[in-house]
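The whole structure should be built from the sequences, with the hints applied where relevant.
Chains as they are written, first to last, in the numbering used here: chain W, 284 to 529; chain U, 597 to 817.
To be clear, the hints were calculated from the coordinates, so they are not data collected in a lab. Do not take every clue at face value.
If you want the ones that stay clear, here's a sample from chain U, every Cβ over 12 angstroms from chain W, calculated [said to hold, decoys possible]:
| hint | residue |
| --- | --- |
| 1 | GLU599 |
| 2 | GLN603 |
| 3 | ILE611 |
| 4 | GLU641 |
| 5 | ILE648 |
| 6 | ASN654 |
| 7 | ILE664 |
| 8 | LEU688 |
| 9 | ALA690 |
| 10 | VAL695 |
| 11 | MET704 |
| 12 | PHE725 |
| 13 | TYR738 |
So the derived list for chain W, only partly shown, Cβ under 7 angstroms to chain U, looks like this [claimed, not checked]:
| hint | residue |
| --- | --- |
| 14 | ILE311 |
| 15 | TYR313 |
| 16 | TYR317 |
| 17 | HIS423 |
| 18 | VAL427 |
| 19 | GLY463 |
| 20 | SER465 |
| 21 | LEU472 |
| 22 | LEU474 |
| 23 | ALA511 |
Note that the structure is a prediction, hence the values are computed from the model and not measured. Glycine residues also receive a C-beta, built at the ideal position from the N, C-alpha and C atoms.
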Amino acid sequence: MEERIFYTTIFLCSLLAVIITFFITSIIRYHRRYIRLQRERITAEIRLLENERKRIATDLHDSLGPLLSTVKLNISSVDVPDPRDKAVIVKSGKYIDDIVRSMRQISHNLLPNTLERKGLQDAIREFYQLLGQEERMELHVYAVSPIHPKPERDIHIFRIAQEIIHNTLKHAGATRLEIGFSEDEKELLVLAEDNGTGFDVEKSRRNSLGLGLKSLDIRTDILHGTIAIHSSPGKGTRYYIRIPLG
Amino acid sequence: MSEIATQLLSFTVLIPLIMGLVRMNRIRASYLPFLVFLFFAFTAELVSQVSIRLTRDNRVTNNIYILIEAGIILYLFYTWGFLKKKRWLLALLATVYLVTWVVENICMGVLTEGFSSYFVVLYSLVTVFLSINEINSLITSYNDNLFRHSKFLICIGFIIIGVYSLITEGFLLIDPDNSAVAWRIFLIFVFINAFVNIVYAVAVYFMPVRDDYYFSKRFKA
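This is the structure:
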């Protein structure tokens with residue numbers, strides 16, 4: 284009798300375990316499907332955003348730029364006898380120059396041509412040059428192995444680098460920032476380290492109202508990569524980013 | 597099953613422990629408490645065997661070990677982040693653990709006279725809940741194969757052992773004099789323990805390498 288009770292208990296426990304396992308597996312499957320759909324939606328939104336940026340940047344650069352240059356040329360060719368009119372024309376020419384410069388800056392911020400023409404490293408260097416903060420902080424961009432260009436991926440990495448540079452300039456009070464790349468057949472590694480004041484990563488993630496750290500997470504997630512930020516007050520900050528290839 | 601076979605199965609904890617010691621310098625700091633947990637499990641097993649041979653009794657070592665084990669598991673969940681975000685819960689659980697253990701072992705005199713079943717029920721239940729919570733968090737944050745994630749495997753191990761401990765202790769509390777059934781339940785426990793130790797070994801194998809170590813190999817090579 285005792286033996287039968289024992290085996291019945293074992294059988295019922297096993298049955299219960301199977302039902303619970305099925306229940307949990309089912310929850311995991313559906314939850315992961317939901318997460319995947321959410322990620323696909325975010326990826327589509329960001330891709331749409333990048334395409335729109337690209338379109339606006341191209342329009343600014345290809346349509347508005349030549350038009351403004353023509354306007355300036357035309358104004359410069361106008362010959363007026365009155366010195367006051369001449370001064371107005373010179374002033375207008377300068378304004379047009381300013382507009383062209385601002386437009387190039389906006390176009391570059393939206394999508395740097397250098398990214399497609401010369402690659403990630405030069406695009407980051409050029410972006411920093413245009414920021415004009417070289418005296419405040421030195422930026423060193425390097426690669427320990429050749430980085431093969433992949434436009435779809437590179438735009439996200441460029442945005443990540445932009446965010447890291449902005450964060451470092453805004454909060455770290457650093458005098459030097461290094462951004463390194465290393466690529467092999469498996470993955471692309473990005474290591475960014477500064478000599479700034481550092482911060483409490485967990486606290487910042489919890490209390491931050493801005494999109495800075497979230498944007499880093501989202502962009503890395505889109506690339507199926509991982510990001511780890513190591514920092515503590517007074518010890519600088521290191522960003523470890525791993526992006527799988529293929 | 598012979599006593600030697602039972603003892604050999606108990607010492608399967610050596611497999612994940614040796615693997616952990618080999619990888620110790622490379623793995624992330626948040627996984628180190630798990631290696632400490634394995635080390636104490638092995639030490640307790642060893643001390644228990646010695647104690648049985650010398651005094652035919654392992655109740656004291658067992659009762660002290662479960663308190664240490666419960667503390668290490670709490671600390672593990674603290675380093676993994678959940679209890680770090682809820683420090684009040686960590687303080688509460690640690691206090692409840694300590695009070696239950698002292699009342700059962702010192703006040704009720706179980707330390708030398710028996711096994712602290714109430715404490716085992718309490719900490720197994722808490723560990724199972726913490727593990728389920730950690731697995732739920734992983735499901736939403738980890739995109740790859742969960743069976744290759746060390747935390748997931750460790751939590752699965754904790755849940756299996758925790759649930760089985762609850763069944764065993766529950767049985768002992770309800771019917772403490774039924775030694776024939778108790779022996780059978782213990783025999784199954786030996787196999788489950790060995791299986792979980794293998795799961796732990798896989799978990800140790802998949803423990804992620806420290807970021808600074810991984811990156812320094814590629815950037816400063």
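Results of checking the hints against the structure:
no.	hint	verdict
1	GLU599	holds, 22 angstroms
2	GLN603	holds, 24 angstroms
3	ILE611	holds, 24 angstroms
4	GLU641	holds, 26 angstroms
5	ILE648	holds, 26 angstroms
6	ASN654	holds, 25 angstroms
7	ILE664	holds, 28 angstroms
8	LEU688	holds, 21 angstroms
9	ALA690	holds, 21 angstroms
10	VAL695	holds, 30 angstroms
11	MET704	holds, 28 angstroms
12	PHE725	holds, 14 angstroms
13	TYR738	violated, 9 angstroms
14	ILE311	holds, 5 angstroms
15	TYR313	violated, 10 angstroms
16	TYR317	violated, 9 angstroms
17	HIS423	violated, 13 angstroms
18	VAL427	holds, 6 angstroms
19	GLY463	holds, 6 angstroms
20	SER465	holds, 5 angstroms
21	LEU472	holds, 6 angstroms
22	LEU474	holds, 5 angstroms
23	ALA511	holds, 5 angstroms
Figure legend: structure checked against the earlier numbered hints; hints not met, in rising order: 13, 15, 16, 17.
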